[in-house]
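S.K.: Given next are the chains, with one letter for each unit.
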Amino acid sequence: MMRVLTIARLTVLEASRRKLLLALALLTLVVIVLTSWGFSRLPTMNGVTPAEVRVAASQLTILVAFMFSGVLALGSTLVAAPSIASDIESGIALAILPRPIRRSEVLIGKWLGLAVLIALYAVLSGVLEMVGIWWATTYLPPNPAAAIVFVAAEGIVLMTLALLLSTRLAPMTGGVIALVLFFVGWIGGIALAIGQTFENNTIINIGVGSRLLIPTDGLWHGAIFYLEPSDFLAAARAAGRVRAGNPFFADSSLPLPYLLWIVGWILTVALLANWSFARRDL
Amino acid sequence: MQRPSTDRNLNPIEAADAASLAVHTQDLAKRYGKTVALSGLTMSVRRAEVFGFLGPNGAGKTTAVKLLVGLARPTAGQAWVLGAPVGDLKTRRRLGYLPELFRYQGWMKASEVLSLHCELAGLPRSEWKAEIAGALETVGLSERADDHVEGFSKGMQQRLGLGVALLGRPELVLLDEPTSALDPVGRHDVREIIRQLKERGTAVFLNSHLLSEVEQVCDRLAVVDRGRVIATGTMSQILGQDGAVRVRVTGLPAAGRASLRTYGNLEDEGEWLTFRGLASERVPELVSEIVRHGGRVYAVEPRHETLEDRFLQLLKEQEA
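Protein sequence lines, in the order shown, are assigned to chains Z and B.
In terms of numbering that gives the first Met the number 0, the numbers along the first sequence are unbroken and rise by one, the last being 281.
In terms of numbering that gives the first Met the number 0, the numbers along the second sequence are unbroken and rise by one, the last being 319.
Worth flagging that the hints you see were computed from the coordinates, not collected in a lab.
The reader is advised that the hints may include incorrect statements.
What the hints assert, rightly or not - Which residues of chain B face chain Z? A partial, calculated answer using Cβ under 8 Å:
no. : residue
1   : 69
2   : 88
3   : 91
4   : 92
5   : 98
6   : 106
7   : 116
8   : 118
9   : 121
10  : 122
11  : 163
12  : 271
Claimed, not checked - Calculated from the model, a selection of chain Z residues having no Cβ within reach of chain B, i.e. all distances over 12 Å:
no. : residue
13  : 51
14  : 197
15  : 231
16  : 248
We put the beta carbon where it would ideally sit given N, CA and C, even for glycine.
Assemble the whole structure, with the sequences as input and the hints as a guide.
M.R.: Here is the structure:
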């Protein structure tokens, strides 16, 4: 366990020393200040009612959450894709792996370090953004904490996938594949919503398949659900087909079997990564 | 982590022998797809000896070292390091390894790299300070302890790598081309470090294609070509007990030259004839024979065969 923590600490330290944390913190602060200022303009618009401000704020909150989930997903991929591959390419792995440390410990340590970074970013940026929105509009989504957890999980799913690819592929290749799968999953989610609205089984199956294969979009919809006020949800449901395919709307929370599937998915991909890394000749 | 082949066909006596050695391999083979990197490597390295592993580029030297430290898995055969199958986690605490092509984290200071390896090697924290100071002192980097590795030259990185390999007083140190990036002073320093390691009872496995380096520090060596050991033994065994003699001759007819082949392996270069494998007490007899065939002898030079001569000869024989 100590060796796992050593590698995890090394991963976090590297992100810090390479100024990744500083750059992310500064950019995120700028974004939060700008969006909070934007939210603060909503109540000052001509003839706007408090109910209208609330609806607008709830929609904008989902869009801002989408931006953060995108940053987290892309960032997780960019950081995880080189984590093993570049250590092998540069020769860092040649110096570390002959030490009394298992490859599985190196892998779990990397995963843990990256997961800590993702969780920290999701929580800090999410909490600050929510405080900014509340300060500007007095609006708060129904369950921001749950939404933050789902956004962080989306990053962890993509990071785990990129880590698996990193055990065999060059950083660039692994990163591109993970991102392509991420966007395929996103489109699959839109297809699922359209299929459900128009009751088309073929499209539903395609959408469900993509959500099972790459659960990032499923998690994104899990996050959306907890950002939607109940009155907005009721109105959206009443709109029926007009809402079809909207990637910023979730009709229900994620069912427990799907949540278990995601946990199993992460475990399976992590085990595959371990199997692949253990068998790689360096 | 990775295990050697489970093909255990050693008898108990052989297994006990393997346990008493620093390194023992038997028919160790490695294949990457269709490419054979190592083909049936059998060798032994004794404890507290400096063992040279010599061979041309692409002979399989680095592959062999990677198999010994568990970075790659053998396709066939078996290997023991310090009495345990290769890859054994506990044994790796007693190993030091300097890879050929490597890099340390550029964002770390030299002292931090050494701290990390103290931690990974499982050294007690109370010993780190002394270990790090000692390693930096040995490789001449004490003044650069707080500098980031990204600012280090290749030679300095190699010195740091050597320092890392020495942490924790390992029982076996595997050095893969340790002087490839070093200047003459650095090479001399490395030779001194290897001698010190030997004095304190550490076995050194020196993988190199620098013949002079091997010749100066190694007790025994193996010459490897195309993944197979083609000669092994002490330096004198490799060079041969008998030396060589060069003789400058004129007026020697072809028939006479042919009859001289009984005196050893003859290299005919016109006026100069070189006889390999000729015992020194037979030199007067050789000269008399040349004179008897009408040859006029101008010079007789005993020639001490260098490792380079022998190495090239071995490769030539292998080629043939």
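S.K.: Each hint: holds or not?
M.R.: Verification of the supplied hints:
1. 69: Cβ of residue 69(B) sits 6 Å from chain Z, so the hint holds.
2. 88: 5 Å, holds
3. 91: 4 Å, holds
4. 92: 5 Å, holds
5. 98: 4 Å, holds
6. 106: Constraint on residue 106(B) satisfied, holds at 4 Å.
7. 116: 7 Å, holds
8. 118: OK, holds: residue 118(B) within 8 Å of chain Z, min 6 Å.
9. 121: 6 Å, holds
10. 122: Check failed: Cβ of residue 122(B) comes no nearer than 11 Å to chain Z, outside 8 Å.
11. 163: Holds, because the Cβ-Cβ distance from residue 163(B) to chain Z comes to roughly 7 Å (cut-off 8 Å).
12. 271: The hint is violated - residue 271(B) has no Cβ within 8 Å of chain Z, the shortest such distance being about 48 Å.
13. 51: 51 Å, holds
14. 197: 51 Å, holds
15. 231: Since the minimum Cβ distance to chain B is about 47 Å, residue 231(Z) lies beyond 12 Å and the statement holds.
16. 248: 44 Å, holds
Violation of the numbered hints given earlier is confined to hints 10 and 12; the remaining hints are satisfied by the structure.
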